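> Next come the chains, spelled out residue by residue.
There are 2 protein chains.
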Amino acid sequence: MPRGVPLPGSVPDDGLTTRQRRNQPVLAVHTGAGKGKSTAAFGMALRAWNQGFDVAVFQFVKSAKWKVGEESVFRTLGDLHTSTGAGGAVEWHKMGSGWSWSRKQGDEVDHAEDAREGWREIATRIAEERHRFYVLDEFTYPLHWGWIDVDEVVQTLTSRPGNQHVVITGRNAPAALMDAADLVTEMAKVKHPMDAGRKGQRGIEW
Amino acid sequence: MPRGVPLPGSVPDDGLTTRQRRNQPVLAVHTGAGKGKSTAAFGMALRAWNQGFDVAVFQFVKSAKWKVGEESVFRTLGDLHTSTGAGGAVEWHKMGSGWSWSRKQGDEVDHAEDAREGWREIATRIAEERHRFYVLDEFTYPLHWGWIDVDEVVQTLTSRPGNQHVVITGRNAPAALMDAADLVTEMAKVKHPMDAGRKGQRGIEW
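Residue numbers (our numbering), protein chains in the order written: chain A, 1 to 206; chain B, 1001 to 1206.
Hints are computed from structural coordinates only; laboratory data are not their basis.
If you're wondering where the values come from, they're calculated on a predicted model, not measured in any experiment.
Take these hints with a grain of salt, some might be off.
Label-pair ranges, simulated between beta-carbon atoms [claimed, not checked]:
(1) A:Arg-130 with B:Trp-1101: 41 to 49 Å
(2) A:Glu-152 with B:Thr-1124: 54 to 62 Å
(3) B:Ala-1086 with A:Arg-130: 49 to 57 Å
(4) A:Gly-85 with B:Arg-1116: 41 to 49 Å
(5) B:Arg-1130 with A:His-144: 39 to 47 Å
(6) B:His-1192 with A:Asp-149: 25 to 33 Å
(7) A:Arg-130 with B:His-1192: 22 to 30 Å
The calculated lysine-lysine pairs, modelled on BS3-like cross-linking and capped at a C-alpha distance of 27 Å, are [what the hints assert, rightly or not]:
(8) A:Lys-199 with A:Lys-189
(9) B:Lys-1191 with A:Lys-191
(10) B:Lys-1199 with A:Lys-94
(11) B:Lys-1094 with B:Lys-1199
Ideal Cβ positions, reconstructed from N, Cα and C, are used throughout, including at glycine.
Here chain A stands alone, though its shape is the one from the complex (with noise of 0.2 Å):
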């Protein structure tokens, strides 16, 4: 058999050519209670913005003291596209006390509508096609509460137009969306420093 010709049977009957499948948009969801899920979703982003894709990063937790690192990283990759070209566009957002583009200010905090307000934003921009590369950090938290409806979120991403990755990071991924999902891996924790009393560390977790 030539090489080239997929055995028969193989290929899908989706109606779609290798170059069209090849290309879809991938939607990955990072669960399990094992460290590396937003690592590995940064690892990926690293690969898109070497690419030269546009990469947004959406921090959805109170405190993001533990990715310090990656976001200084991405800081400086986003910088080098803007003076030299080189990868793509990099956009950081956290949820903080408050989202960067919002200008709400004051004493109180609403975690549950700061995190609908981050996702209302994400749902804009995909339907701009905004970015190429989304990574929707800890984003499996305010679904598992119930604070962002999970129907809403698969139908919005399920039907995104263009050609946009997402990854999703965080524990209990909803199953709705692991079903909606073309990746999904469960990190699983067989070992951890810390079961030992060991602390986080410097150049390690973050």
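Please arrange chain B on chain A, whose structure you already have, making use of the hints.
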């Protein structure tokens, strides 16, 4: 109870101060059949680079075509360190056909010997405390296949001097290596696009 005072019984009886315990070098293993083993290792290396650690990557694979994105970004970061002092130094070595430091030429390819040569070089560098953060990518395979002696590797790694972090990736990590590691994460495949007949694509797999 005052803040900062540990609960009775929560401190390991290892004779170390909190600072000593916190700064113990980490040996991490990413194993399992799922995605993200190497990607998360490179994400950890990003954090290490950001803290100014000297990073060295050793790829124990015959073909490195799937890691070109990471290599490109880390070489960019290494150049940035050289030109501006940002982050740490970066070295990236791949087995390919012989290692980058090797003078060997010729048609004969002995992957087992190449792998052993790679390990000997790493063991020398560890003894010299040459780097601060090592990624031994896909190093479990030459161990699993019996090309490199697992006990010798464990002995070298567990007795390594100074503060050198080591991350090892690949399926089928030997039990003795996981026993010796501080952090073991299993990446388990839940769902993968290639199951649906899709192929790897630019910006996602490389």
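> Looking back at the hints listed earlier, which ones does the structure fail to meet?
3 and 10
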